[in-house]
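**Q** Sequence:
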Amino acid sequence: MVDLPIHTIVFEILTRLPAKDVGRSKSVCKQWYALLSTQDFVRIHCSRSLVSSNQRVLLIDDLTCSVRLIISNNNDYGPSSIVTFPFHHQNNDVSILSHLNGLLCVCLNHTYELLLWNPTTTAFKRLSTPDSHGFYINNLDAIGLYVDADDDYKVLHIKRRSGVLGVYVYSREVDSWRNIPFITRQEYLSPHFNWSAGTFCGGTLYFTVCECWIGGANVVICFDVNSEQFKEISFPPVPSIGMVQGVLVNVKNVLHMFASTGMFEMTIDLWTLQGHYWIKVLSCPPIPPISLSLWCDITHYMTNGNWFVMTKLGKLFTIEMDMKPFESFYPVSWFRGFKGAVFVQTIVSPSI
1 MVDLPIHTIV
11 FEILTRLPAK
21 DVGRSKSVCK
31 QWYALLSTQD
41 FVRIHCSRSL
51 VSSNQRVLLI
61 DDLTCSVRLI
71 ISNNNDYGPS
81 SIVTFPFHHQ
91 NNDVSILSHL
101 NGLLCVCLNH
111 TYELLLWNPT
121 TTAFKRLSTP
131 DSHGFYINNL
141 DAIGLYVDAD
151 DDYKVLHIKR
161 RSGVLGVYVY
171 SREVDSWRNI
181 PFITRQEYLS
191 PHFNWSAGTF
201 CGGTLYFTVC
211 ECWIGGANVV
221 ICFDVNSEQF
231 KEISFPPVPS
241 IGMVQGVLVN
251 VKNVLHMFAS
261 TGMFEMTIDL
271 WTLQGHYWIK
281 VLSCPPIPPI
291 SLSLWCDITH
301 YMTNGNWFVM
311 TKLGKLFTIE
321 MDMKPFESFY
331 PVSWFRGFKG
341 AVFVQTIVSP
351 SI
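Counting with the numbering used here, you get residues 1 to 352 for the letters of the sequence shown.
If you are wondering where the hints come from, they were derived from the structure by calculation, not from laboratory data.
Please note: incorrect hints may appear among the correct ones.
As the list claims (entries may be wrong) - The calculated EDC-like cross-link candidates involving lysine to aspartate or glutamate, where the alpha carbons are at most 20 Å apart (straight line), are:
| no. | residue 1 | residue 2 |
| --- | --- | --- |
| 1 | Lys231 | Asp148 |
| 2 | Lys26 | Asp93 |
| 3 | Lys125 | Glu187 |
| 4 | Lys30 | Asp62 |
| 5 | Lys231 | Glu187 |
All chains, full assembly: derive it from the sequences and hints.
**A** Structure follows, in structure tokens:
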């Protein structure tokens, strides 16, 4: 048996600790504090933390912000614990725009400021600047959080102002914003098109761009995070018989979409992107029509081959599926009356 250096053994053990235990371990000694603060440790600990048992649901209403477990054996919510925002806010006016590896990109609605926030460590970073970068306007802007090939966490901010589109990238490494070019169709600048939050998958940020009326145009905009080039791909061929919405989901680095269609009652199909083409995973899902009020509330989980349709109140129904099991997947979600997202507990810092 090969004798491993004690430093290697300690490193391997500590990278497997829960995020909150890592925080407490920093106070053991100066050597551990230095070790646990290195980017290599944070990166490896994060990669080992991305498991379904480490996921939490964060929900915000007018009075409280709470974090709940996801109970794996019945895929429901567990008991909640109250979270105190570490930054100034007014009546919980915090909107969650994007999430990645334990970091949330949020907006303070009363000031329009963007922040990066780790709800596990409570660390946060304001992204607003005196030259008007880092301010978000709902229904006009779009946000995507990603990490590039150099392990630099970045925020892509697409801004629409009076028919003019600007695209800006914030780098955690250099703590600054810069403008990048974006050539797109002029009609996408119109407020009649709704841009989703960006979903990071396989080195690309994906946005759905949907026209806000029945029979409108729907496309997917792709942003390669390393070349910083944009391109457009088609939307899944869903029927335009009502309102159409696509919720993008990263399932083990493969892009999926929940495509919702209908008017007063909604139906949902599940699609996966293969190359530039969408393949329907659920061709005829055996689900009842979903009323519009519940459709506005739902999020989705997949565990052990079953598709669970969830609301802020708990599990709505279960669909048994004959497909390869996934640990779990979910979108960033907006809940009627609540705002929330599923995130993974990590020690990733919003600043360097």
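**Q** Please go over all the hints and tell whether each is borne out by the structure.
**A** Comparing the hints with the structure gives:
no., hint, result
1, Lys231 with Asp148, "holds (18 Å)"
2, Lys26 with Asp93, "violated (33 Å)"
3, Lys125 with Glu187, "violated (34 Å)"
4, Lys30 with Asp62, "violated (42 Å)"
5, Lys231 with Glu187, "holds (15 Å)"
Checked against the numbered hints above, the structure violates hints 2, 3 and 4; every other hint is satisfied.
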